[in-house]
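Chemist: Here is what each chain is made of, one letter per residue.
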Amino acid sequence: MAGGVDAKRTVLLTMLVSGALAGLVGMPQLLGSSFSYGLDFTAGLGLTGIGVALLGRNSPVGIALAALLFAFLERSSSSLQFIDVPRQIYVIMQGSIVLSVVVAYEAVRRIGVAQAERAVRLASDGTAA
Amino acid sequence: MTAPAALERPQSTQGRRRRALPGGARGLLLGGLGLLLLLSFVRVVSGADDLTSSGTAGAALRLAVPIGLAGLGGLWAERAGVVNIGLEGMLILGTWFGAYAGYQYGPWAGVAAAVAAGAVGGLLHAVATVSFGVDHVVSGVAINLLGAGAAQYLSTVAYDDGSIPGAGPTQSAIVDPVATVSLPVLSSGPDLLGRLERTGLPVLGDLGGLLRGLTADVSLLTLLAVLLVPLSVGLLWHTAFGLRLRAVGENPVAADSLGVGVYRLKYVAVTVSGALAGLGGAALVIGSIYREGQTAGRGFIGLAAVIFGNWRPGGLAAGAGLFGYADALQLRASGAVRALLLLVALLLVVVAVRQALRRRIPLAAAGLLLAGAFFLWYLVVDEVPNQLVGFTPHLVTLLVLAVASQRLRPPAADGQPYRRGQQS
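Top line first, the protein sequences correspond to chains A and B.
For the first sequence, position 75 matches number 74 in numbering that gives the first Met the number 0, and the numbering has no gaps at all.
For the second sequence, position 325 matches number 324 in numbering that gives the first Met the number 0, and the numbering has no gaps at all.
Simulated from the structure, these hints should not be mistaken for lab results.
The C-beta atom is built at its ideal place from N, Cα and C for all residues, glycine as well.
Treat each hint with caution, since some may be false.
Facing chain B, from chain A, some residues (calculated, C-beta under 7 Å) [unchecked claim]:
#1 GLY50
#2 LEU53
#3 ASP83
#4 PRO85
#5 GLN87
#6 ILE88
#7 VAL97
#8 VAL101
#9 VAL102
Between beta-carbon pairs, the in silico distance windows are [as the list claims (entries may be wrong)]:
#10 A:ARG8 to B:ARG359: 21 to 27 Å
#11 B:GLY420 to A:GLN80: 46 to 52 Å
#12 B:LEU407 to A:ALA6: 18 to 24 Å
#13 B:GLY296 to A:LEU68: 48 to 54 Å
#14 A:LEU68 to B:GLY292: 39 to 45 Å
#15 A:MET14 to B:ALA411: 52 to 58 Å
#16 B:GLY199 to A:GLY31: 22 to 28 Å
To give an idea of the interface, some chain B residues facing chain A are shown, with a C-beta separation under 10 Å as derived from the structure [to be verified]:
#17 VAL43
#18 ILE84
#19 GLY148
#20 ALA149
Can you make the complete structure from the sequences, with help from the hints?
Modeler: Quick look at the structure:
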């Protein structure tokens with residue numbers, strides 16, 4: 000209850016909102032193009048969604064951009080077949096993008112921390128001398 | 000006066016931890032016996048002979064193997080403090096390479112290739128999580144994407160030209176099975192267990208059927224997988240290596256301060272984890288084919304089995320067996336599924352009685368109420384939809400988590416990144 004925030008209640012609420020949002024996933028397909036329910040709806044989208052959220056660093060704007068990127072990769076992959084590359088390679092591209100981007104985030108963060116530490120050390124050296 | 004008291008306390012906590020293994024073995028035996036009695040009773044009452052037939056038991060074992068191996072992989076990684084969501088991807092890598100090498104060079108080459116492919120996936124996860132300190136879930140999700148994508152891509156490259164008969168962009172050719180063995184006398188030749196099964200006697204007939212299913216025509220790969228469970232127990236709980244590995248998962252800072260190579264052990268654990276998942280993939284394709292999407296979330300179910308089993312190999316094997324049994328029943332004898340409702344009702348009564356003995360009256364009442372509901376369901380319907388059975392194991396896992404989550408104890412530093420020299 001630190002700071003007056005009810006942790007349990009907040010978790011419950013966020014899970015409800017999260018589930019409600021996820022429940023909307025099939026809507027564009029259902030109300031926009033197929034107009035009837037099929038068992039093949041949202042195949043694997045939930046897991047891809049986790050990847051998208053992570054790629055967007057859990058910020059709403061970033062997630063929108065990441066979703067655009069993933070959708071672009073998937074849709075444009077069919078043009079790869081004109082040059083005799085199997086289009087399935089787009090999944091590999093998605094996976095390597097997520098992996099390399101998070102590794103890059105981490106590397107950048109570490110460099111930032113190291114620089115800040117060096118700055119502090121220099122400053123303290125200056126006062127000591 | 001204070002010194003003996005101070006000495007006593009650590010001893011008593013150690014005693015409580017130590018008790019888990021022998022007590023667990025006895026509990027397992029008693030639980031198994033109770034389950035056998037319940038199963039036998041339900042079979043006799045409902046007349047669903049498939050509930051304990053050797054066919055169902057054999058299928059359950061075969062279906063439990065990939066889940067159990069994925070689970071063992073999860074166990075190794077999590078004991079060293081690395082959450083391995085990427086098991087599914089490693090399993091897929093194992094299926095593809097197992098089927099490809101298995102068709103070209105024979106089933107055991109396929110097994111080796113599957114293990115190697117899974118290990119490469121594990122190594123990738125180790126590089127990302129251990130060396131770069133990336134969030135374990137992120138890396139795992141990426142590896143799942145990579146594994147699925149690589150298998151689809153490689154299938155198109157390798158099989159689409161039609162050079163291998165029977166193979167196409169979404170499936171491979173048939174891989175030869177490995178040899179099978181049976182227990183001499185008991186389940187082959189005179190087939191004593193088979194005879195016992197055919198008598199249809201209560202309890203004895205059920206025991207015969209279940210044991211015969213578990214011992215007749217067992218593929219060597221299945222045998223290997225089953226042996227890996229006690230092997231993991233021995234390695235992780237009875238060697239210095241295992242102690243260090245688990246210490247890394249509990250408190251890496253303390254382990255490092257005592258000279259344990261934290262990074263090295265994490266690398267070893269996660270690579271072994273991937274190799275085990277790859278072996279699970281091999282178990283799916285050897286004697287069968289690689290098909291796109293055939294793993295169907297078994298990697299995640301394996302993780303559920305780890306949690307179900309409280310991060311211990313024995314419990315994990317029980318969880319995998321449960322998933323395999325439900326799968327087998329649904330595949331082979333959907334008619335027997337209705338009898339499961341009765342079994343669930345009886346199990347709930349047992350749970351309720353145990354809770355009542357511990358004076359947890361609300362829980363006991365809830366259990367009894369649920370048992371009544373299931374019994375009513377059993378009486379009312381003639382047939383349970385197959386799809387419902389498909390997620391029975393998941394439901395059971397959720398129930399176990401809800402009821403037992405207070406007593407589940409994951410490794411203390413599970414999922415936390417560790418960097419040398421930083422308190423994290």
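Chemist: Please go over all the hints and tell whether each is borne out by the structure.
Modeler: Evaluated hints:
Interface hint at GLY50 (chain A): satisfied, since its Cβ lies 5 Å from the closest Cβ of chain B, which is below the 7 Å cut-off. Residue-level restraint check for LEU53 (chain A) holds (minimum Cβ-Cβ distance to chain B is 5 Å; threshold 7 Å). Because the beta carbon of ASP83 (chain A) sits about 10 Å from the nearest beta carbon in chain B, more than 7 Å, this interface hint is broken. A distance limit of 7 Å between C-beta atoms decides the matter here; for PRO85 (chain A) the minimum to chain B is near 4 Å, and the interface restraint holds.
Interface restraint check for GLN87 (chain A): the shortest CB-CB distance to chain B comes to about 4 Å, inside 7 Å, so the restraint holds. Interface hint status for ILE88 (chain A): upheld, as the beta-carbon distance to the closest one in chain B is roughly 5 Å, under 7 Å. Because the closest C-beta pair between VAL97 (chain A) and chain B is about 4 Å apart, less than 7 Å, the hint holds. With a least beta-carbon distance of about 5 Å to chain B, the hint placing VAL101 (chain A) at the interface is held under the 7 Å criterion.
Taken as an interface hint, VAL102 (chain A) checks out: its beta carbon lies about 5 Å from the nearest beta carbon of chain B, inside 7 Å. Restraint check, ARG8 (chain A) to ARG359 (chain B): a C-beta distance of roughly 25 Å satisfies the suggested window 21 to 27 Å. At roughly 50 Å, the beta-carbon separation of GLY420 (chain B) and GLN80 (chain A) lies within the given 46 to 52 Å, and the hint holds. The beta-carbon spacing between LEU407 (chain B) and ALA6 (chain A), approximately 20 Å, falls within the hinted interval of 18 to 24 Å.
With their beta carbons about 26 Å apart, GLY296 (chain B) and LEU68 (chain A) fall outside the hinted range of 48 to 54 Å. Between LEU68 (chain A) and GLY292 (chain B) the beta carbon distance is about 24 Å. The supplied range of 39 to 45 Å is therefore violated. Taking 52 to 58 Å as the suggested C-beta distance range, the pair MET14 (chain A) and ALA411 (chain B) does not conform, at roughly 25 Å. Look at GLY199 (chain B) against GLY31 (chain A): about 58 Å separates their beta carbons, and that is not inside 22 to 28 Å.
Contact between VAL43 (chain B) and chain A, as hinted, is not supported at the beta carbon level, the nearest pair being about 38 Å apart and thus beyond 10 Å. The beta carbon of ILE84 (chain B) is positioned within 10 Å of a beta carbon in chain A (closest approach about 9 Å), and the interface hint is therefore held. Using the Cβ-Cβ criterion of 10 Å, the hint placing GLY148 (chain B) at the interface with chain A is satisfied: the shortest such distance is roughly 3 Å. A least Cβ separation of about 6 Å between ALA149 (chain B) and chain A falls short of the 10 Å threshold, and the interface hint therefore holds.
Consistency note: the structure conflicts with the earlier hints numbered 3, 13, 14, 15, 16, 17.
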